[in-house]
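When you get a sec, could you build the whole thing from the sequences and use the hints?
There are 2 protein chains.
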Amino acid sequence: MQTVIIGSGNVAFHLAKAFVLNKIPLTQIFGRNEKELNKISTELNIPYSTENLNEADLYIICVSDNSVEDISGIITEKDCLVAHTSGSLPKEILMGKYRKSSFYPLQTFSKSKAMDYSKIPFFIEAENEQDRKILFNIASQISKNVMESTYEKRKYIHLTAVFACNFVNHLFARAKEISDSQEIPFDYFLPLIDETVQKIYEIDPKSAQTGPAVRNDKRVLELHEQLLNGESLEIYKTMNLSIKKMYHLP
Amino acid sequence: MQTVIIGSGNVAFHLAKAFVLNKIPLTQIFGRNEKELNKISTELNIPYSTENLNEADLYIICVSDNSVEDISGIITEKDCLVAHTSGSLPKEILMGKYRKSSFYPLQTFSKSKAMDYSKIPFFIEAENEQDRKILFNIASQISKNVMESTYEKRKYIHLTAVFACNFVNHLFARAKEISDSQEIPFDYFLPLIDETVQKIYEIDPKSAQTGPAVRNDKRVLELHEQLLNGESLEIYKTMNLSIKKMYHLP
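Heads up: the sequence lines are chains A and B, in that order.
The numbering of the first sequence is the UniProt record's numbering, which starts it at 1 and goes up by one.
The numbering of the second sequence is the UniProt record's numbering, which starts it at 1 and goes up by one.
Think of the hints as simulated: they come from the structure by calculation, not from any bench.
Watch out, some of these pointers could steer you wrong.
Same chains, same label: a pair holds when it works inside one copy or across any pair of copies.
Pairs of lysine-lysine, BS3-like flavour, derived with a Cα cap of 30 Å [to be verified]:
#, residue 1, residue 2
1, K91, K244
2, K113, K244
3, K97, K113
4, K17, K35
5, K237, K113
6, K113, K23
7, K39, K111
8, K111, K23
9, K237, K133
10, K206, K237
11, K133, K119
12, K91, K78
13, K218, K237
14, K244, K78
Keep in mind it's a predicted model, so treat the numbers as computed, not measured.
Structure, rendered in C-alpha cells:
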C-alpha cells in the first residue's frame with residue numbers, strides 16, 4: 001500500500017517517525033514548508049515534495065485544523081482513502097470524491113521531544129468496514145491502544161485533552177512565572193508534579209484534591225490573592241471557585 | 001533526641017512514616033482524632049495520645065493551617081524546638097516561649113498512596129544555627145533535597161505549588177467529568193498526561209504549549225465553548241484568555 005503524509009509540523013513529523021520505526025512503508029511527505037520537509041526527509045529518509053503530490057492508496061493529512069479543508073482539495077484521485085488527524089473536525093470536512101476518514105492520535109507532540117508511540121491511543125472513523133480495517137491495521141502496528149470513535153465522541157475526547165494537557169501545561173507555565181519571579185528553581189516542583197500525576201493512576205482526581213481551596217482555608221486564599229495579579233490572579237479565582245462548587249463548599 | 005509529631009492527617013501520617021522508614025526515633029504522635037491516631041499508631045508502631053503530650057526536644061506540628069496557632073499553645077515547655085509544616089504561615093504564629101521554626105515538605109500527601117520520600121524537597125527556617133542544624137539533620141535523613149527558606153519565599157513556594165499541583169489536579173477532575181459524561185474512559189488520557197509532564201523535564205513549559213488557544217484556532221475554541229457549561233466553561237474561558245495574553249495573540 002502506498003501511503004503519503006501531508007504536513008510538516010509536529011504531528012506529521014512524529015507520525016512519519018512512528019511509521020519508519022515500525023517499518024510501515026511511507027512513499028512521500030508532502031507540504032508547503034520546504035525547510036521543515038527537508039529536515040524531516042533527511043532525518044527519516046523519506047522523499048518529500050512541495051509541488052508534486054504522489055499517487056497513493058492512503059493520504060494522512062497532518063496540518064492545523066484551519067488548513068485541513070483547503071489542503072484536502074489538492075487530492076484529485078477518487079480511488080483512495082484520505083484521513084485527517086484532527087480531534088475537532090468531522091471526516092466530511094475533507095473536500096474530494098475519495099473515501100473519507102479520521103485517524104486521531106491522542107497525544108501532545110513537540111518536535112524536539114522523543115516519545116514512546118506504543119502508548120498513544122488512536123481513534124479511528126471510516127465510511128466502511130474495509131477502510132476501518134486499513135486504518136486499524138496501521139495504527140495497531142504503532143500502538144496497543146486503537147479504538148473506533150465517532151465525530152461526536154472525538155470532539156469530547158479532544159476537549160478533555162485540552163483540560164488534561166494544554167491547560168495543565170499552561171498552569172505549569174504560570175507556576176514557573178511565579179517561581180521565577182522569586183528566583184526559586186522550578187525543578188523543586190517536579191517531584192510534586194510527578195506525584196500529582198502518579199496519584200491519579202490510583203485515586204480518582206476528585207478524591208485526590210488537596211490544597212487551600214478544598215480545605216476552604218480563607219486566610220491562605222486571601223494571602224495568595226495578595227501575592228498575585230493579572231492573568232494568574234484570574235486563574236486563581238476561577239479555579240478556586242470551581243473547586244468550591246465541585247465540593248459544595250460554603 | 002525526643003521528637004513528637006502533633007496531628008493525625010495526611011502530613012502527620014507520611015512524616016511519621018518517613019521517620020520510621022529512616023529509623024529516626026519518634027516518641028509519640030499526639031492529636032485529637034483518636035480513630036486516625038490509632039490507625040497510624042498501629043501501622044507504624046508509635047505510641048499515641050489524645051490527652052497527655054510527652055515532653056520532647058522537638059515537636060513537629062502537622063495540622064491544618066487554621067489549627068496551628070491554637071494547637072501550638074498546648075506546648076508549655078520552654079526549652080524545646082517547635083516546627084510547623086505549613087507553607088503559608090510564619091514561624092511566629094507558634095504561641096509559646098519555646099524556639100520556633102518551620103519544617104515545610106513540598107509534596108502532596110494522600111493517606112492511601114505510598115510515596116518516595118527521598119525526593120521531597122524540605123524547606124527549613126529556624127531562629128538560630130543550632131536549630132537549623134537539628135532540622136537539616138532530620139530532613140536530610142529523609143530527603144536529598146533540603147534547603148533553607150524564609151517565610152517570604154515559602155509563601156511563593158506554596159503558591160507555585162497550588163498552581164502546579166492543586167489546580168492541575170482540579171483540571172484532571174474537571175477533565176474526567178467531561179470524559180465521564182461521554183462514557184470515555186479517563187485512562188485513555190493517562191499517556192497524554194504523562195507526556196505533558198515528561199515534556200517539562202526537557203522543555204520550558206512556555207515553549208511546550210500546544211492546543212487550540214496557542215494556535216489561536218477560533219473555530220475550535222467556539223466549538224469547545226458550545227460543549228461546555230458552568231464552572232468548566234469559566235475555566236475554559238479564563239485559561240484561554242491567559243494563554244492569549246502570555247503569547248501576545250490578537
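Results of checking the hints against the structure:
Within a single copy, K91 and K244 get their C-alpha atoms only as close as 39 Å, which misses the 30 Å cut-off; across copies the closest is 29 Å, which meets it. In this homomeric assembly, K113 and K244 come within 30 Å of each other (Cα to Cα) only across copies, at 24 Å, whereas the closest approach inside a single copy is 37 Å. Proximity of K97 and K113 under a CA criterion of 30 Å is satisfied in neither setting, with 37 Å inside one chain copy and 55 Å between copies. With identical chains, the CA atoms of K17 and K35 are at most 30 Å apart within one copy only, with a shortest distance of 17 Å there and 56 Å across copies.
When the C-alpha separation of K237 and K113 is checked against a cutoff of 30 Å, the pair qualifies only between copies, where the shortest distance is 29 Å, while the shortest distance within a copy is 33 Å. Within a single copy, K113 and K23 get their C-alpha atoms as close as 21 Å, which meets the 30 Å cut-off; across copies the closest is 41 Å, which misses it. Taking the shortest Cα distances, K39 and K111 sit within 30 Å of each other inside one copy (11 Å), while across copies they are farther apart (50 Å). When the C-alpha separation of K111 and K23 is checked against a cutoff of 30 Å, the pair qualifies only within one copy, where the shortest distance is 20 Å, while the shortest distance between copies is 46 Å.
Taking CA atoms no more than 30 Å apart as the test, K237 paired with K133 passes in neither setting, with 48 Å inside one copy and 39 Å between copies. Within a single copy, K206 and K237 get their C-alpha atoms as close as 19 Å, and across copies as close as 22 Å, so both meet the 30 Å cut-off. For the identical chains of this complex, K133 and K119 are intra-copy neighbours only, at 20 Å inside a copy versus 46 Å across copies, given an alpha-carbon limit of 30 Å. Within a single copy, K91 and K78 get their C-alpha atoms as close as 16 Å, which meets the 30 Å cut-off; across copies the closest is 74 Å, which misses it.
With identical chains, the CA atoms of K218 and K237 are at most 30 Å apart both within one copy (12 Å) and between copies (25 Å). Taking the shortest alpha-carbon separations for K244 and K78, neither the intra-copy value of 55 Å nor the inter-copy value of 41 Å comes in at or below 30 Å.
Consistency note: the structure conflicts with the earlier hints numbered 3, 9 and 14.
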